[in-house]
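**Student:** Here is what each chain is made of, one letter per residue.
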Amino acid sequence: MKPKINLHSSVSKQLCTPAQHVLSRRRLLGATAASGLLGMDGLGGLVHPLVADELSQSNKQVLFIWIDGGMSQLESWDPKPNTKFGGPFRSIQTSLPGVRISELMPKTAEIMHLLALDRGVTTVDNSHSAGVPRIQRGDPKDRGVIYPYFGSAVAKLMGQGNSQLPPYIWVKPGSGGFKYQDAGFLGPRYGALAIGDGQPPPNLLLPETLNHDDNSSRNRLRNFANAQYAAGRNPIFGEAQSFVFDSAQALMNRQALFADPDPADVELYGDTELGRDMLIGRKMLEAGVRFVKVNSYGWDTHGDNFNGHASLMPRFDQSFTAIVLDLQQRGMLDNTLVVAMSEFGRTPRINGHVGRDHWPEAWSIVMTGTGIRRGVVIGETNKTGIFVENDAHDIGDFFHTWFSALGIDSSKTEYLNNGQPLPIAHDECGPIKGLLT
Amino acid sequence: MAVTLETIETITPTAQRLSARFTPCGDYLIAGGFEGLLHRWPMTGDQRTELAVIKGHHGWVAAIGFHPTESKVFSGDSWGGLACHDYRGDNPLTLWNRESAHDGWLRAIAVGADGSWLASCGKDYNVQCWKTKNGKLTQRLEGHKTDVYSLAVHAETQTLVSGDAHGEVIVWNRKKGTSDKRFDASELFLQHRLQDVGGVKCMVFSPDGKTLYVGGTRPKGGGNVQGVPLIIGFDWNSGIEVFNREFGAVGDVYVHEMQFHNNGYLMAVTSGNPGTGQLLFIDTNAVAGEGETAKSELPYRNNKLSNCHSISLHPDGDQFAVTTTSKGSNGNGRRLDKDGNYVGNHSPIYLMQPSVSADQE
Chain Y
1 MKPKINLHSS VSKQLCTPAQ HVLSRRRLLG ATAASGLLGM DGLGGLVHPL VADELSQSNK
61 QVLFIWIDGG MSQLESWDPK PNTKFGGPFR SIQTSLPGVR ISELMPKTAE IMHLLALDRG
121 VTTVDNSHSA GVPRIQRGDP KDRGVIYPYF GSAVAKLMGQ GNSQLPPYIW VKPGSGGFKY
181 QDAGFLGPRY GALAIGDGQP PPNLLLPETL NHDDNSSRNR LRNFANAQYA AGRNPIFGEA
241 QSFVFDSAQA LMNRQALFAD PDPADVELYG DTELGRDMLI GRKMLEAGVR FVKVNSYGWD
301 THGDNFNGHA SLMPRFDQSF TAIVLDLQQR GMLDNTLVVA MSEFGRTPRI NGHVGRDHWP
361 EAWSIVMTGT GIRRGVVIGE TNKTGIFVEN DAHDIGDFFH TWFSALGIDS SKTEYLNNGQ
421 PLPIAHDECG PIKGLLT
Chain C
1001 MAVTLETIET ITPTAQRLSA RFTPCGDYLI AGGFEGLLHR WPMTGDQRTE LAVIKGHHGW
1061 VAAIGFHPTE SKVFSGDSWG GLACHDYRGD NPLTLWNRES AHDGWLRAIA VGADGSWLAS
1121 CGKDYNVQCW KTKNGKLTQR LEGHKTDVYS LAVHAETQTL VSGDAHGEVI VWNRKKGTSD
1181 KRFDASELFL QHRLQDVGGV KCMVFSPDGK TLYVGGTRPK GGGNVQGVPL IIGFDWNSGI
1241 EVFNREFGAV GDVYVHEMQF HNNGYLMAVT SGNPGTGQLL FIDTNAVAGE GETAKSELPY
1301 RNNKLSNCHS ISLHPDGDQF AVTTTSKGSN GNGRRLDKDG NYVGNHSPIY LMQPSVSADQ
1361 E
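From first to last, the protein sequence lines are chains Y and C.
Numbered as in my numbering, the first sequence ends at 437 without a single skipped number.
Numbered as in my numbering, the second sequence ends at 1361 without a single skipped number.
Don't read these hints as lab results, they were simulated from the structure.
Misleading hints may appear alongside valid ones.
[What the hints assert, rightly or not] Which stretches of chain C does chain Y cover? Using the computed rule of at least three CB atoms under 8 Å from a CB of chain Y, they are:
(1) 1048-1060
(2) 1092-1103
(3) 1190-1197
(4) 1218-1231
(5) 1256-1266
All values reported here derive from a predicted model rather than from experimental measurement.
For each residue, glycine too, the CB sits at the ideal point set by N, CA and C.
Produce the complete structure using the sequences and hints provided.
**Tutor:** Below, the structure written as C-alpha cells:
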C-alpha cells in the first residue's frame, strides 16, 4: 500500500486566494515527518518516493523547443493582419477549421489539428536575463531557493528511464558541455548535458590508443579514488559525479547518435542549423532520453523584425512540422510531450528600426503529444493583439499542465530540499484543463 | 562645397507611414501606411491637412510609383496586391487592381520613362511587367533565387534592373525575357545563424546613366539587425565596381533610399537602431581611398533625424521630403499613455530645401 501523503488539494485551480497557498506549519511538519519515515531527506529529494518509482517506469518523454530571444506571436501563432500593429504578412487557413496562423508557417498550418495552441499567455518579465530562467523554472513563488529548469525537474521527477542515457539533454548551437546550473536546488546531478553544434560532448569517445582492458583498469582506479573521496562526505556529491559519469558512458556506447544524418532526414527537417538540431533531438528521444531541449537562437528581432521573421520562420516551420510528424509516424508522439515556446512575445508597437521589442503581456505557446488535447486553440487576444482578452494563463499554469500531461500530479508531488517540502509548480496556479486530454 | 538645409515644414501623421513620394505634378505628397491605405497631402496652398485616404490594399503599402504624365499612382502591398488609382479629387478612383499580382510581399515598383509599362517585384522571387493602362501582365522575369527587394529603370535605355535579398543585381533584357548581366553586391548580405540579413534595399542611376548605385548595409549580425550603411556603385557598361563607401557606424544599419538632387549630389537616408537616422548628401565624384569617407565626399550629414525610411525629391528638383519615425519609438513591455491607452509610433515627414555654398574651410 502506498503511503498517503496528500499535502495539497487536488482541485485544479486557476485563481486562488493567497491564503490558500501559504505552506502551513502543519503541512511542513507533516511533510518532514513523512520524509523522515521514508528515509528521504537531504538535497533535492522527493516527498513521495514511490511516486518517483512509478514515474521512472513511465515511458513518457519531453521535447522542449526553446525559441530563444522571443518569437513574435503576431508573425506566427496569433496574426492580426490588416491592423495597426499587425505587420505586413497575411494569415492562412490551417487544418483546424476557423483557425488561421501566419503565412510564414504553411507547413505548420497543415498539422494544426495535431497541436494545442494557447494564445492567452501572460507573464511578467520583459527582459531576457529575468525571463529566460524564470520562465524555464515555471516562475515559482519565491521560497529562497533556486528552482530547477523544466528539464531538470523532469529528470528528477521521472528519472532516466531504462535507457541509462542522461535524462536531460540540451541540443544547441554553440558550445556543449555539462550545464549544472539548470538544476537549481536539485543539485548538479540533474543538470543538462549540452550537445553543441551537433558534436558529441568533448572527450566522449575513447581515444584509439586506449583499449578495452586499459580502460577497465582505469575505471577500477577511478572507482577506488571515488570511494576514498566519498568516505565521510555527503553522498549526494559523489552520487552526482558517478551518475553523470555513468550516463556519459552510456552515451559513449551509442555513437550512432552522432553519425552523419540520413540525407532523406536532412531534406525533411531542412538543411539548417535548427533542422540539424531537431534531427539530433529526435534521435535522442528515439534512444530513450527522457527530456530533450532543442534551442534556436537569433529571435531577438528588435531590428528588422519582419525580414527577420520572413527568414527565421520557414526554418522553424519546416523543422517543427518535420519532428511532430516524424514522432507521430514512429508511434512516439503519444508518449512524448512536445512544447515550443520563447521567454516572451514581441511588442505590437513597431519601432523605428522596423523591429518589435519584448512583450510578456500577450503571447502564445504551442504544444502537442502525450496528455495534450489535439486540435484546440484557447486564450484570446483583443483585435489588435495587445492584451489577452479571455482565458489568460501564466507560466505556472503551464508547468502544472505539462506535469499533468506527463502523469505527475502536481497537487500531490513535492520536492524535499533539506527537509523543506517545495511544490513542483507555482501553488497559485493549476493545470489548464482545456489543453489536457 | 558645403550644403546647408532648411526645414520648410513638418507633416505629422498620426501613425507610421512608409515611402512618402511627391507626385510628378508636384501637387500631392503620397505615402503608404501599415493598414492597407495610401495617404495624401496637398502640396499646393498653405494647408497640409490630410486628404481622403486611398483604399483597396491590404497589409503594408510601401511600393509606390507614378505615371510620368498622367495622374496615376501605382501602389503595391505586402499581400502581393498591385493597384492603380487616379490620385486627384476628393474620392480617388481605382483604375485597376490586381489583388494577387505577386505571391506575397510586393516590395518595389518602377515605372518606365514613357509611362506605358511598370515593373514590380517581391517575395515570390519574380520581377513582373505590366501595362500601366490596364494592369495586364505582360512579362514574368525569372532568375532571382530569393526575394527581390528593389528595382530601377535606366532613364535613357529603359533597361530594367532588380536587386535581391542576397545582394544579387540582375540587368534584364526585356525583349528576350532574359538576364543580360549580373552585378555582385553580396557585400550587402549575411546569413547569420538562422537569418538572412541585408539585401539590396534601394538602387538609383546616376544622372548621366553611367553608374548604378545600390544601397543597403554591410551586415554584422541578425536578430536585432546591425550593420554599417553601405553604398556600392557599378559602372553600368562593364559592371565593374567603381564606388564602395560606408556611411556611419554599426548601429546606423540600412541605407533605405537614395535619389540624386538636381545639384548633383546623391541624397541618401539611413535608419538603424531606434532613434538613429542620417540624411546624407554625397559627392560621388570626389575621390577618397577605398572604404573611406572623405569630408569632400560628404558635404552634408544630418544625424539628428530619427530613423529615416524614405526620401523623395520634389519635381522642382530642389525641395525634398524625408519620412522618419518618432523619437523614443522603442521599449520593452507595457507603455501606456496617461489615459491608459497603448500607443503606437508615428512618422514625422520633413519637407526640406538645400542651399549649396563654397566650403568655409
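**Student:** Need the list of violated hint numbers for this structure, in ascending order.
**Tutor:** 2 and 5
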